[in-house]
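Chains as they are written, first to last, in the numbering used here: chain H, 1 to 111; chain D, 1 to 114.
Just so you know, not all the hints are guaranteed correct.
Listed next, the in silico BS3-like pairs over lysine-lysine satisfying Cα-Cα at most 25 Å (straight line) [said to hold, decoys possible]:
{"#": "1", "chain 1": "H", "residue 1": "94", "chain 2": "D", "residue 2": "51"}
{"#": "2", "chain 1": "H", "residue 1": "68", "chain 2": "H", "residue 2": "49"}
{"#": "3", "chain 1": "D", "residue 1": "44", "chain 2": "H", "residue 2": "52"}
{"#": "4", "chain 1": "H", "residue 1": "68", "chain 2": "D", "residue 2": "71"}
Since the hints were made in silico from the structure, they are not lab data.
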Amino acid sequence: GNSVTQMEGPVTLSEEAFLTINCTYTATGYPSLFWYVQYPGEGLQLLLKATKADDKGSNKGFEATYRKETTSFHLEKGSVQVSDSAVYFCALSKTGNQFYFGTGTSLTVIP
Amino acid sequence: NAGVMQNPRHLVRRRGQEARLRCSPMKGHSHVYWYRQLPEEGLKFMVYLQKENIIDESGMPKERFSAEFPKEGPSILRIQQVVRGDSAAYFCASSGTTGSDTQYFGPGTRLTVL
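If we strip away everything but chain H, and leave its shape as in the complex, we get (with noise of 0.2 Å):
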């Protein structure tokens, strides 16, 4: 079946840190990879994806590589602000109408 594993939260970083927030996938055949973002209130928002293996995804100083070989899509920000603290989501879609979602991964980071 289709899954995707996420690291663990809650995560808590320094401003200018670097993130890395894990995240592999099971599934069959080719999907699409996901990174959702959801500020406090508000319900989710894309933050980048990939479509095919080695594309990297790429929004707002956040990337993503899509990794075939070890089925991984793990986020990472070399340097982390405030106004990224969040709750992140991992997600993969075969066909577009089904998105199969991480649990989640909450980020704070501090002045």
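Chain D: place on chain H using the hints.
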């Protein structure tokens, strides 16, 4: 340009009552998806609807849960005879085309069953 709207944001019900959750998709979107997030878990797909049609309900519990997306008005997720285990956050998403890999999410409805 309004995003996906859900109401109510918070809903409290006693065991045995009915819960009705509403979702208005983004303007121009005709595809609606419902997800449930139980405490400490990720979002789980429940159902995918287009106007007046249920396309995929493979994630819906077989009993007490139903969903509709009428020609006019919002999509409704209905839970009859709620139990404590139904307490969760319910998220709605919409997209403009089938198979689109960008779903736009609403802020969710947090259901608490006493």
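Hint-by-hint comparison with the structure:
1. H/94 with D/51: 22 Å, holds
2. H/68 with H/49: 14 Å, holds
3. D/44 with H/52: Holds: residue 44 of chain D and residue 52 of chain H sit about 23 Å apart, inside 25 Å.
4. H/68 with D/71: At roughly 42 Å apart (the allowed maximum being 25 Å), residue 71 of chain D and residue 68 of chain H break the hint.
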